[in-house]
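Engineer: Residue numbers (my numbering), protein chains in the order written: chain A, 1 to 276; chain B, 1 to 360; chain C, 1 to 308.
By construction, these hints were calculated from the structure, which means they are not laboratory data.
Bear in mind that the values here come from a model prediction, so they are computed numbers and not experimental data.
Mixed in with the good hints, there may be bad ones.
[To be verified] Beta-carbon label-pair distances, calculated as ranges: (1) 130/A to 205/C: 20 to 30 Å; (2) 20/A to 132/B: 34 to 44 Å; (3) 7/B to 205/C: 53 to 63 Å; (4) 298/C to 269/B: 52 to 62 Å.
[Stated by the list, open to error] With a straight-line Cα cutoff of 20 Å, these simulated SDA-like cross-link-like pairs (lysine to any residue) come out: (5) 90/C to 208/A; (6) 101/B to 9/A; (7) 166/A to 113/B; (8) 114/A to 115/C; (9) 115/C to 12/A; (10) 56/C to 44/C; (11) 115/C to 193/A; (12) 64/A to 33/C; (13) 130/B to 193/A; (14) 115/C to 184/A; (15) 101/B to 113/B; (16) 64/A to 131/B; (17) 114/A to 290/C; (18) 64/A to 115/C; (19) 114/A to 33/C; (20) 166/A to 131/B.
We put the CB at the ideal spot given by N, CA and C, even for glycine.
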Amino acid sequence: MRRTFAQSLALYATVAFTLIMILFPVYWLLVTALSTTDELYRLPPTFWPNDPQWDIFARVWAAKPILMWLWNSMLAAVGSVALSMLVSVSAGYALSRYSMRGGATMGMFVLTAKMLPATLLVIPLFSIFSSFGLIGSLWTLVLAHSTMIIPFATWMLKGYFDTIPKELEQAAMVDGCSPIGAMIRVVLPIATPGLAATALYAFVLSWADYAYARTFLVNSPDNWTANLGITTMQGEYVTYWNDISAASVFIALPIIAIYLFLERYLVGGLTAGAEK
Amino acid sequence: MANISIRNVSKSYGALNVLRPFSLEIEDGEFVVLVGPSGCGKSTMLKILAGLEPASEGEIFIGDREVTDLAPGDRDIAMVFQNYALYPHLTVRQNIGFGLKMRGTDKTEIDRRVDDAARILEVTPYLDRKPKELSGGQRQRVALGRAIVRQPQAFLMDEPLSNLDAKLRVHMRAEIGALHKRIGVTTVYVTHDQVEAMTMADRVVIMQGGIIQQIAAPDELFNNPANLFVAGFIGSPGMNFLNAELRDGTVTVFGQQMALPRATSHQGAVVIGLRPEHLVLGDAPVTFSVRPTLIESLGSEKYVYFNVEGARIADGEEGKSKGLIARVSHTGNLPRDEDIRLGFDPDQLYLFDAKTGGRL
Amino acid sequence: MTDTVQPERRKFFDLARPSRQHLLGYILIAPAVLMVAAIIVWPLVLAIDLSFQQVKIPRLGGASRPFSISNYVWLFSSPEFWLACWVTLKLVIVVTVGSVAVGLSTALLVNNRFKGRTAARLGMALPWAVPEIIAVVIFAWMFDTSFGLFGWLAIQLGFTDQMIPWVSSSTAAFWAVAITMVWKGFPFVSIMCLAGLQSIPADYYAAAKVDGAGVWQRFRWITMPLLMPVLGVTLVLTLLWVFRDFSIIKVLTGGGPLRSTQTLSIMTYDQAFQYHNFGRAAAVGVLTLVICIIASLLMLGRRSKSIY
């Protein structure tokens with residue numbers, strides 16, 4: 001459909017305007033990080049610092065244990081994703097291939113799990129973890145994040161497995177595989193993109209958690225995850241916005257990088273599961 | 001290769017019965033086709049034969065071994081699927097050799113046998129490609145290669161040609177026929193296409209609603225159908241049917257009363273069957289006049305559609321029927337708006353009981 | 001000519017046998033069932049149990065208090081609870097409507113073909129990738145009472161005479177939270193809607209154009225109806241997200257000022273970890289869950305299966 005010049009102009013203008021509006025806050029984060037404190041505490045705000053403090057990043061990195069925070073987030077994420085994927089891949093496969101009594105109950109459960117607020121589950125989990133003496137350990141997050149990941153991953157993987165024809169396993173079984181052999185040698189290799197997408201999304205889910213981290217780890221600074229660490233930079237009375245912004249850039253970078261480079265997988269997984 | 005013995009195999013899902021007790025003895029090297037409309041139970045029977053579904057009752061023997069509850073991989077069979085079921089992440093060579101690899105055959109032997117199979121099926125140029133790079137026909141040949149390479153006792157084929165276009169289907173039909181002649185392995189072939197059944201089979205098993213209707217060689221099926229369903233299913237275009245009353249050995253059809261060639265003491269409602277190709281233009285022992293509703297010309301043949309009182313629509317064809325059909329040899333122009341004289345020989349009529357559908 | 005027949009499997013438990021094939025399903029799903037039972041179902045049951053006890057800080061394995069509905073009684077008669085319900089309702093409506101509006105619009109925008117479309121698409125959904133906490137850092141500074149950008153903008157645009165006390169004004173705080181949530185929430189809607197839009201076959205639009213339909217008519221009669229299922233699911237998921245959210249509200253305003261941004265979710269948390277009354281907290285939490293379930297069932301009705 002050919003557009004007139006005016007239509008094209010309108011389109012590009014709208015797109016540009018929308019992009020600016022949406023991405024401005026991210027840009028502002030960078031601006032804030034690079035500003036001196038004097039410049040921050042002034043109106044009107046400057047849209048690009050007069051004297052960008054590029055060394056703020058090195059300073060904040062040295063002043064705050066950002067690497068440790070990122071590492072803890074990574075540990076929790078890897079742990080919970082690994083555990084959840086193991087469980088969810090099997091369950092998703094089973095739900096896809098076998099009609100079982102209670103298939104409907106599984107569905108109801110997935111639905112309820114999506115509605116379960118972390119603020120509710122954190123309460124009994126706190127009791128449970130206290131009695132096991134786990135409070136303060138990253139293992140609490142491995143388990144807590146799994147409560148978020150497993151229902152979602154099972155649902156997503158089931159949808160993905162549904163797209164792989166059953167005849168492939170049948171052919172493999174006639175060729176001499178056991179049912180598990182067929183799953184491992186034939187289905188899983190083909191499902192790798194779907195598995196990757198699910199794992200990626202699960203990783204993002206785990207990284208995003210704050211409620212569980214705050215509740216279980218608040219008194220163990222060595223185990224603080226990235227989200228938790230950042231909030232501690234919010235002072236009671238005074239917050240050094242340039243410092244916290246610089247630290248935020250470090251924290252936001254991994255997920256934004258994952259998003260930009262692997263968006264295809266992430267979105268594909270999300271939408272494939274959704275539109276059935 | 002070996003014979004296959006199916007004894008009283010049936011299958012139900014809870015209260016739903018999809019396969020009534022099915023018994024069949026297949027000779028070593030025989031090519032048997034299971035044919036019937038969707039849902040008739042033919043695919044279920046094949047899956048049970050393969051071990052991909054458990055039978056509710058009955059036994060299966062391949063050769064002298066009872067295989068009823070054996071794993072598919074232990075039955076020494078190979079299967080070809082409608083959608084080829086080629087492993088997309090493996091090359092053609094790996095696809096064909098997969099079964100041998102699962103059985104621990106050593107590499108040189110695998111390579112030798114894969115090369116042999118590829119040669120027979122003319123897929124050698126594609127050995128290092130992935131299935132998605134091949135056309136439908138090529139994929140199907142790879143699937144066949146995967147089946148023959150293991151030299152099993154039996155081949156099972158589940159509508160392997162249904163996904164191919166018409167011309168390719170004709171070609172592959174001949175290829176499978178030639179392959180069977182060359183290798184001679186017992187084959188059980190499932191299809192919904194009666195043409196495939198007629199052209200490829202040594203014997204045909206027609207099924208409907210989970211029940212076997214008739215087991216016979218193709219010609220026998222054509223000439224001596226056991227019931228209304230078989231008569232209407234085999235042959236294209238399908239047999240014409242007319243409702244009539246049988247009284248004292250005579251019926252009235254096309255407005256004329258005639259005696260039937262075969263003596264029968266049956267009285268009452270019957271269905272008369274007459275194949276379109278048994279109708280001729282012009283002179284014949286019995287003739288009648290009709291105004292055609294439609295004439296389709298195929299060059300040297302014509303299909304003449306007409307309506308007659310008492311015409312009966314065959315099972316499963318509701319809504320598709322255009323009336324009775326005569327298939328006549330005729331070249332040139334046939335005037336459409338005039339009455340036509342058609343004729344037939346009463347010896348070629350089939351008679352079926354209107355209530356049971358059985359042949360009289 | 002025949003291959004050597006494999007010796008019959010020695011394994012007693014041969015899952016490849018037709019009669020046993022279905023067992024694999026149960027075996028594969030067992031770990032998930034067990035895990036879910038342990039970390040979701042059991043804690044949930046515990047929570048429900050807690051809600052019926054008058055308990056401050058429970059000890060697992062300790063003697064449980066007698067069954068009592070006093071928590072629920074307190075809950076229904078507490079103005080704080082009803083305020084939280086009201087706040088939650090307001091927030092849910094505002095954020096959901098906002099997210100859907102912005103999300104759908106951006107999806108429609110990016111659905112056109114133009115140079116740089118991929119970059120535009122990535123850029124527009126970028127807020128999804130920004131962790132909620134970071135979004136709070138950004139917006140908290142932009143909403144800063146003394147030097148925040150938004151306050152300055154409001155004055156420049158003539159909306160107000162002086163800097164808005166975002167954190168001490170109830171209304172302002174509510175809108176601060178709402179805006180932040182919309183910024184974080186709309187990309188999800190955008191992504192899903194874009195996928196939905198792209199799955200509408202072009203033939204439909206072609207047929208409509210042949211029938212003489214204009215842009216608006218095509219939108220109303222083809223795009224919207226075909227997009228409805230996706231939109232419906234996305235709407236419910238966004239709604240549930242607002243219900244559940246903790247990070248944004250807690251860190252931005254803490255629930256204040258004067259509980260003007262305290263949703264049911266925040267209240268649940270505070271009852272447990274600020275006021276140390278687990279029984280009441282559990283009651284609020286359980287009730288919130290029930291409300292969520294009812295709300296989504298109402299919204300999806302017979303199509304609730306579409307969420308899974």
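Engineer: Of the hints stated earlier, which fail here?
Structural biologist: 1, 5, 6, 7, 8, 11, 12, 14, 16, 18
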